[in-house]
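Engineer: Sequence:
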Amino acid sequence: MSLITLTTDFGIKDHFVGAVKGAIYSELPDAKIVDITHSISPFNITETAYILKNAYKSFPKNTIHIVGVDSELSVENKHIAILLDDHYFICPDNGLISMIASEIQPTKIVEINIHNHISTSFPVLDVFVKVASHIARGGSLNVIGKEITDYKKLIEIQPKTNQRQTIIKGGVLYIDNYGNVISNIHKRFFQKIGKGRPFVVSAGRYRFKKIFNRYNEIVDLTLPEEKRQYDGEKLALFNSAGFLEIAIYRSNLGTVGGASTLLGLQYRDTVTIEFEEIVKPEFIPIT
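Note that my numbering numbers the sequence shown so that position 267 is 251, with each residue one more than the last.
To be clear, the hints were calculated from the coordinates, so they are not data collected in a lab.
Values in this document were obtained by computation on a predicted structure and should not be read as measured data.
Be aware that one or more of the hints could be misleading.
Claimed, not checked - When the alpha-carbon atoms are kept at most 35 angstroms apart in a straight line, the in silico DSBU-like pairs for lysine-lysine are as follows:
| id | residue 1 | residue 2 |
| --- | --- | --- |
| 1 | K37 | K153 |
| 2 | K194 | K218 |
| 3 | K92 | K45 |
| 4 | K176 | K114 |
| 5 | K62 | K171 |
| 6 | K41 | K171 |
| 7 | K137 | K194 |
What the hints assert, rightly or not - FRET-style restraints, in silico, Cβ to Cβ:
| id | residue 1 | residue 2 | range |
| --- | --- | --- | --- |
| 8 | Y162 | T104 | 16 to 26 angstroms |
| 9 | N161 | N126 | 38 to 48 angstroms |
| 10 | S124 | T254 | 43 to 53 angstroms |
| 11 | K176 | R198 | 14 to 24 angstroms |
| 12 | A3 | E217 | 38 to 48 angstroms |
| 13 | D69 | N126 | 39 to 49 angstroms |
| 14 | S86 | R181 | 35 to 45 angstroms |
| 15 | E217 | D253 | 54 to 64 angstroms |
| 16 | K179 | D204 | 22 to 32 angstroms |
| 17 | D14 | Q149 | 50 to 60 angstroms |
| 18 | T104 | S186 | 38 to 48 angstroms |
| 19 | I17 | Q89 | 22 to 32 angstroms |
By construction, the Cβ of each residue, glycine as well, lies at the ideal position given by its N, Cα and C atoms.
Whole structure, please, built from the sequences with the hints as guidance.
Structural biologist: Dropping the structure here:
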């Protein structure tokens, strides 16, 4: 039985998702299809990269991941199939794979070339499904495309630091279902640059001097329960995926609102961390 996942910006109102699933079952009646999400913001590549990176690792090896976001074929947006971390990804070469491939080198990449025999305005249905079915039957990647060695990099996924390594400059990568604002600054990068130095996180007009590892760490458990009034408090933390997140504790989008709304933070807004600079003492030679 083949396991195939779908990640798209199709939504669920239209026929697109149903048509793709129907085409897969027509090719592979025993396939198992899992929806990662169909609620990606339209054409949002970085959002796709973040969700896919954090979802695919939970699936077994040899899972086939079809990614349909910004998938229209063009000279600048080719289609690729990748074997990476023992998983197969069928997707446009628009940079979305770079968040995963930045940590794990792909085993093989091919540029899909079966378009020569297919005229389509719906490549996820007409091309990606055929490629996934070929892989599921044990077919070689070389049959559906020519091997290439590189893929498009998404530069905005990577945070930057200055020469003195006193500042990390990142940005808002994703806003989740709770309205929490997730940056592209990973805990490993923070620790590598910061080296334990005091710091200030700046997000919009707000400043944070502490980063938590869990939401409820903001609660002072030494206080009596009736005095713990932390709902709606803003905090910075490293989320379960290891990325720096700005959140509102126990936010409710229907009443209080999330961090994105209350703090005025949106996709691509700047998030910076400024570290205390270590000043080396000057030694005056004794004469």
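Engineer: Each hint needs a verdict: does it hold in this structure or not?
Structural biologist: Do the hints match the structure? See the list:
| no. | hint | result |
| --- | --- | --- |
| 1 | K37 x K153 | 21 angstroms, holds |
| 2 | K194 x K218 | 11 angstroms, holds |
| 3 | K92 x K45 | 15 angstroms, holds |
| 4 | K176 x K114 | 43 angstroms, violated |
| 5 | K62 x K171 | 33 angstroms, holds |
| 6 | K41 x K171 | 19 angstroms, holds |
| 7 | K137 x K194 | 32 angstroms, holds |
| 8 | Y162 x T104: 16 to 26 angstroms | 38 angstroms, violated |
| 9 | N161 x N126: 38 to 48 angstroms | 40 angstroms, holds |
| 10 | S124 x T254: 43 to 53 angstroms | 45 angstroms, holds |
| 11 | K176 x R198: 14 to 24 angstroms | 22 angstroms, holds |
| 12 | A3 x E217: 38 to 48 angstroms | 46 angstroms, holds |
| 13 | D69 x N126: 39 to 49 angstroms | 20 angstroms, violated |
| 14 | S86 x R181: 35 to 45 angstroms | 25 angstroms, violated |
| 15 | E217 x D253: 54 to 64 angstroms | 21 angstroms, violated |
| 16 | K179 x D204: 22 to 32 angstroms | 29 angstroms, holds |
| 17 | D14 x Q149: 50 to 60 angstroms | 53 angstroms, holds |
| 18 | T104 x S186: 38 to 48 angstroms | 46 angstroms, holds |
| 19 | I17 x Q89: 22 to 32 angstroms | 28 angstroms, holds |
Taken one by one, the earlier hints fail for this structure at numbers 4, 8, 13, 14 and 15, listed in ascending order.
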